[in-house]
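A.B. asks: The residues making up each chain are set out below.
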Amino acid sequence: MGRLEFDVAHLLAGGLVLMSFMLLYQDRLFALLNVFALQAVVLALSVSWQAYVQGAPHLYVTAAIALVFKAIVIPVALHRIIVRLGIHREVENVVGVGPTMLAGMGLVALSMVVMLRVTADAYPLAREDLAFALSVVLLGLLMMVTRNNAVSQIVGFMSLENGLILAATGAKGMPLVVEISVAFSVLIAFIVIGTLLFRIRERFDTVDADALDRFRGGQR
Amino acid sequence: MAPMIPASPAFALSCVGALLAIAVLAIPGGRLRDAAPVVYGACLATSLVALGGALICLLAGPPASNVVLPLGLPWVGAHFRIDALAAFFLAVVNLGAVAASLYGIGYGRHESEPQRVLPFFPAFLAGMNLVVLADDAFSFLLAWEFMSLASWALVMAHHREGDNARAGYVYIVMASFGTLALLLAFGLLAGPEGGYAFAAIRAHGASAPSAALVLGLVLLGAGSKAGLAPLHVWLPLAHPAAPSHVSALMSGVMTKVAVYGFIRIVFDLLGPQAWWWGLPVLAAGGGSAVLGVLYALMQNDLKRVLAYSTIENIGLIFVGLGLTIAFEANGFHAAAALALTAALFHVFNHALFKSILFFGAGAVLTATGERQMDRLGGLIHKMPLTSFLVLIACAAISALPPLNGFASEWLVFQAILLSPQLPQWGLKLLIPAVGALLALSAALAAACFVRVFGIVFLGRPRSQQARDAHEVDRWSISAMAMLAALCVIAGVLPGFMIDSIASVVDALTGARMPAQASLQWLSIVPVAESRSSYNGLLVFAFIAASASLAAYAIHRLASQAVRRAPAWDCGFPDPSPSTQYSAESFSQPIQRVFGSYVFKASERIDMPAPGDMRPARIKVELRDLAWELIYAPIAQAVSFTAERLNRLQFLTIRVYLSLVFFALVTLLLALAVWP
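Protein chains in written order, with our numbering: chain A, 1 to 220; chain B, 1001 to 1675.
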């Protein structure tokens, strides 16, 4: 494998992690969606580069799915949801940006250490890819944990799923069926959550997840 | 598939299948009128056939074939096999099933909600058969749990009455705990390769530490099902709660299936035994024997007395098994064979007489609607046949010669007398102490059953219901009579029993007791070089001769005319039957002796002042130490923890996500730090 292939793959996967960091500090919902769409584009690029390097044409399908759904359909749909719900002015800050970014850096370091140790004798490209993928997954989880707004939690979940796709394409020989089914399951999850959002809004007049807990009369 | 000869696992399995089919058919049919005799009749026929197959296996040698069905774990399958041990226990199970089904034909008519009993009764029988047939751990545990659940459903048949719901709850908790212990034991036995077939377990054996752990787990698992103290708490609650023929099965047969599980794992699967394994088994057995009979003496509920007495007999059986381990580990094969024969013989005997006693309690319940002994009395005039048959069972369980209880207990004591040969001081000291405990429990058991028979059947009726009692139906009587006849036969001719158990004992200990059939005058000897021997037939002949001589002399010399007169009562013939001995007054001396230690008993006497006309009262409170010292703290700890964990139910969504997140990060950190 040439030096160039490796470097480009590295660059794209690193770009994915960078997008995850950018997601972390967006506190406006529209900006969040734009960064998410950008991340999906980078993901599509990364996957098609893998398809080219590995000589696996079916990965182009995966890249196309990522591009169409994650970069276009889902952001546009979320955009319309936000407009219809009238929450585009909402700003949320549960945990400050500084601590969140520090925690994110810690998570990236952790996933590097773990993955590089565990996969010592694996194919180098897959190795780097897996380490970056784990970082993206952890950052997506971190985002879900630090946000209150249901829309941002969905975005966190979707970006977590981007990490999964990156891992799946980095490993050679993952069948196309698995990737397509993962993509569709995410789409279905998106539909379910979107419907749920309107339901929550109808009932509670807000999409702040804390309102649900207040309603449930949970522990204060 | 093997041909359907009566002595094959396939044959036994088809009997199990027939029982399950009856159970399924009884679900829709249970509500029909007159369904009970049909269901019990079908169970009777199937159990008789299965009993015949088991007896052929036992007497003609076990079949070589085994059956593997493509069920259960995919890489193991469901194995079924009949060896000598399984054949013996199949015979015990199906004998009990035959008697209970026969009894049920009559008793089941009085059932208020037959649809709650009829489907589960055949399922329970099928479960017990399957446990004994199973030849791999998965099938064994599955059948074991099936048996537990079916019997639980039967315990809950009358769940609205009294304390039955609580009894069912305690039972299912203890049964699940026992199954968990057995599950862990089989996990250790199977090893990391997952060889769950018994043949695979036998082949690779267990290392010494894990074998000791398995022994502990089996004592917990099988011991809780059998009713070893202090795991017995469910037994006196659950056994009386079930309908009487089911009580007989649970007490007489299901506890034996637990004994089978213990023998199968410890003697067959676990490999060579260490001498100290005998210590916990002997201690648990001796303790259960004494505690069981002491509690039995204190109870007023007839069926509860019988349930506690089961604990005593299980203790005796486990003492026999502990002795077998002790002798076998030291290479005394003849002595080990004696102890194991005694234990198995007592398994058979207890299944007989405990079934009769529960049937008798059921007959009393049918005739009077009462289980409280203090509301019974004088039933020997109203129910002469039942009284006679229960008297035989009482004499047998009190170990009176020439009945079967004496023969097996005599063999246990003969084995105890061989213990001075043992080299280890621990055993030398413990076994005589256990022997003393057994002697104490035998004497107390006699007192207990004198009390049962005297209060329930003798004297004058203590309530209107007892006065209006009438004899029960022929089916119930014939079930009791069949078992009572077997009690007498096994007691008078114990040599035949010992010889038919010999093949089982030979397979497990590598030795057998001397062939008793070759001895003169049908007497039995425990070991070849022993000087003691027992001849049930001679004792029987002597007792029969002297009793008929005495009866003849009395009738000859005394007046012929039967005369009924008030009993001499110090010149004050009193009108009230409540001045008779009561169940409590009979047991009060024993309660005073053991009271402060075993029962934490407190007596309060409420004596009216002079001139006050109200009666004096005595109030006695007994407490169950096992419950207070072991179970109550555990229950408190569980509810405390549950209270704390309950807060987890009311967290916010974000906190749940954070929990997942931090768990993941912690695990990754562990992976990163771990060398």
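Keep in mind the hints are simulated off the structure, nothing from the lab.
Just so you know, even glycine gets a beta-carbon here, dropped at the ideal spot from N, CA and C.
Keep in mind that the hints are not guaranteed to be accurate.
What the hints assert, rightly or not - Heads up, incomplete: computed chain A residues facing chain B, CB under 8 angstroms, no partners named:
| # | residue |
| --- | --- |
| 1 | R84 |
| 2 | V113 |
| 3 | V118 |
| 4 | L141 |
| 5 | M144 |
Said to hold, decoys possible - If we take Cβ atoms under 8 angstroms as the criterion, some of the chain B residues that face chain A in the derived model are:
| # | residue |
| --- | --- |
| 6 | L1400 |
| 7 | F1586 |
| 8 | I1590 |
| 9 | V1593 |
| 10 | R1654 |
| 11 | L1657 |
| 12 | T1666 |
| 13 | L1669 |
| 14 | A1672 |
A.B. asks: Double-check B:L1657 for me: the hint is only fine if its C-beta lies closer than 8 angstroms to a C-beta in chain A.
C.D. replies: 5 angstroms, holds
A.B. asks: Does the nearest C-beta of chain A fall within a distance shorter than 8 angstroms of the C-beta of B:A1672?
C.D. replies: 5 angstroms, holds
A.B. asks: With a cut-off of 8 angstroms, does the beta carbon of B:I1590 approach a beta carbon of chain A closely enough for the hint to hold?
C.D. replies: 55 angstroms, violated
A.B. asks: Can B:L1669 be said to touch chain A, with a Cβ gap under 8 angstroms?
C.D. replies: 7 angstroms, holds
A.B. asks: Under 8 angstroms is the threshold here; is the Cβ of B:L1400 close enough to any Cβ of chain A for the hint to stand?
C.D. replies: Violated - the Cβ of B:L1400 stays beyond 8 angstroms from chain A, reaching only about 67 angstroms at its closest.
A.B. asks: Using the nearest Cβ pair, does A:L141 come within less than 8 angstroms of chain B?
C.D. replies: Result: holds, 5 angstroms to nearest chain B Cβ.
A.B. asks: Let's test the interface hint: is any C-beta of chain A closer than 8 angstroms to that of B:V1593?
C.D. replies: 56 angstroms, violated
A.B. asks: Checking hints one by one. Is A:R84 an interface residue toward chain B, by the C-beta closer than 8 angstroms rule?
C.D. replies: 23 angstroms, violated
A.B. asks: Quick check on B:R1654 please, does its C-beta sit within 8 angstroms of some C-beta on chain A?
C.D. replies: With Cβ-Cβ at 6 angstroms, under 8 angstroms, it holds.
A.B. asks: For the restraint on A:M144, tell me whether the closest CB of chain B is nearer than 8 angstroms.
C.D. replies: Hint holds; A:M144 Cβ to chain B Cβ min 5 angstroms, cut 8 angstroms.
A.B. asks: Given A:V118 as an interface hint, is the shortest Cβ-Cβ distance to chain B below 8 angstroms?
C.D. replies: Constraint on A:V118 satisfied, holds at 7 angstroms.
A.B. asks: Quick check on the hint: B:F1586 CB to chain A CB, less than 8 angstroms?
C.D. replies: 58 angstroms, violated
Hints 1, 6, 7, 8, 9, 12, counting from the list given before, are not met by this structure.
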